[in-house]
Amino acid sequence: MEILDILLTANFWEAAIRIASPLIFGVLGALICERAGVLNLGIEGIFTAGAMAGWMAVWLGVDLWTGVLVAALTGAAFGFLHAMLTVPLGLSQHVSGIGVTLLASSLSYFIYRTALPNVSTPPRIEPFRPFEIPFLSDLPFIGSALFSQTAFTYLAFILVAVVAYVLYKTPLGLALRAVGDNPDSVDAQGLSVYGLRIGAVVAGSALMAMGGAFLTMSAFDAFFFGMVNGRGWICIALTVFASWRPGKALAGALLFGAFDAFQVRLQTQVGAFLPSQVFLMLPYFFAIVALVLVARKADYPRALLVPWFKGAR
Amino acid sequence: MIRFEPRQDTPAILSILAPVFAAVAALALAAIPLAFAGAPILESYRLMVQGAFGSLFVFSETLTRTTPLILTGLAAAVAFRARLWNIGGEGQLYAGALAAVAVGTGIIDGPPVVMIPLVLVAGALAGALLMLGPTLLKLKFGADEVVTTLLLNFVMLLFVQMMLEGALQDPMSLGWPQSAPIIDSAALPPLLPRLRVHSGLILGLIAAVAVAILIRRTVWGFEIRAVGENAAAARFAGIPVTATMVRVALISGGLAGLAGVGEVAGLKGYLTSDLSPGFGYAGIVVAMLARLSPLGVVAAALFIAAIFVGADSMSRGTGVASYIADLVVALSLLCVLVGGFVTRYRIRLVGARKAEA
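Protein chains in written order, with my numbering: chain S, 1 to 313; chain B, 1 to 357.
Just chain S, same shape as in the assembly (with noise of 0.2 Å):
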């Protein structure tokens, strides 16, 4: 069958990873945001000041990890800004977060087409490159599928461990989550709320521009307007599907990865009965769909979009 045959291939699953990859860098992001009581919809403008931001350091001269971290660099001054007009300042964390995307990306345009006014063609960087991991990519199947990727992918699977020990094996971890249910007890122990609130934010939103990164850096090797599309916002709706927990975004992303590289062979194999904008439709509908699954039974923490401020009670 000719589902199956899809399925069978390691190169639809190297696919499905690749696609993956900034989601989870990206619901990571949100769920670090969202455990500590903020919702940051600056996630879709963040990405693509990382694809920009990462891009254009390396495009000028820097190295390809050097452009990751001016990349997460750029994510974390504007979840900065996100931290500080609604964590100290308590203010409407939809419209802030509207403002911060609506600010992200247009600075990220306005910066792109100042420093290259004329060009038709968008400059192209060296990306990073598939790196075989010794004797794993050798491995039939998932040799090819899961250990053939580049160093950026491997991260976001690394990072998925170090946010999940983090947010669960240690103390910090521990009030993280505790100042996203419930602020005052974490304030009754002598931490500081704005602190954590402010410090998740930054951190989230850095992650999140890593995400945009992978785009311009690993995915493909330039940047486009409008490259984004979208992912921002699925990513808000994994978050939701994760029930912010590191592992399940971790499945839900490849989940998405999955769907979304189907969707893409399907379209070669019966694109001639369907136009091909309903195949890019379904990615969309599909993060609609896993958001309304889960949403009645979601355990959102419970601060989420609350502010609060010192001495308030």
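Keep in mind that the hints are not guaranteed to be accurate.
[Unchecked claim] In silico lysine-lysine, DSSO-like type, Cα no more than 30 Å apart, as pairs: (1) S:248 x S:297; (2) B:140 x S:297; (3) S:169 x S:248; (4) S:297 x S:169; (5) S:248 x B:268; (6) S:310 x S:169.
Just so you know, the hints here were simulated from the structure itself, not pulled from any lab data.
Since the model is a prediction, treat every value here as computed from it, not as a measurement.
Given the coordinates of chain S, work out where chain B should sit on it, guided by the hints.
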């Protein structure tokens, strides 16, 4: 140490001045990217003002841009009043535009008194239906409408592209993805000869007054405000929260749909997939700048339109990338958000001893 004290009531002058200051601050902050681009700063601002208001022709262009922004701004303002986060104005605008070309390009013909209301109703209905989906998902399944409306914007744009390469493609377009032209009897007439400003502007103004009356003077409006302030308390008081949310969704989506009708039937004359340069998203900024006041939306829409038209013209004069307009719009949103804080809290500097106590 700095302390914030909630105000009991906001002085009226402050609620009017805060958005004005926000707009000025956004423009002032734009000096940084202008300097980065190496443009002469004062000259750039002068060109921007001249480009938006300098002649009858450019002012007509500004009013033309104001038209969809009033409607998408009202769409956001009504929804936000009820705390329904409709971020899908962009998709609803395209839904409205698509419905307008579906009925207004010759399938049926009649006198303008029939055809114009027909395209308007079709567009409003399409926008309303597109917002009904996410609202029902929110009410039935608790799915966050921010995410669903945002994702539907992308779906809708793909759907428009699909229709423009399929059922609604103009057979005379030689394969170009655009719709057939709106027939004359369905077109919104121009307001002034040889200028692009069209009667959609009047429609927008009527809509603003109608929404103002709805919110301030009707039972529905009272219910919308009550649900927005405290849905649990409203439900306890016997207000039909679900019905109110659905009503708000239909009104909000319908208004955004009308913006799409105006753009195809009043301005462009046919539909392409680049009809809107983000009017839906800019509508959110308009609504926030207006502090969700329907009449304030008109002023805020004029400001944002002037930024777009003025910056375009300045960009041609100085070579500064035209994304400067989007930057000012984004900065306006963040500035008005901070400005709103000032109207709600008194900022006090208090001595260290007092803070310890």
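Results for each hint:
no., hint, verdict
1, S:248 x S:297, "15 Å, holds"
2, B:140 x S:297, "12 Å, holds"
3, S:169 x S:248, "17 Å, holds"
4, S:297 x S:169, "26 Å, holds"
5, S:248 x B:268, "47 Å, violated"
6, S:310 x S:169, "28 Å, holds"
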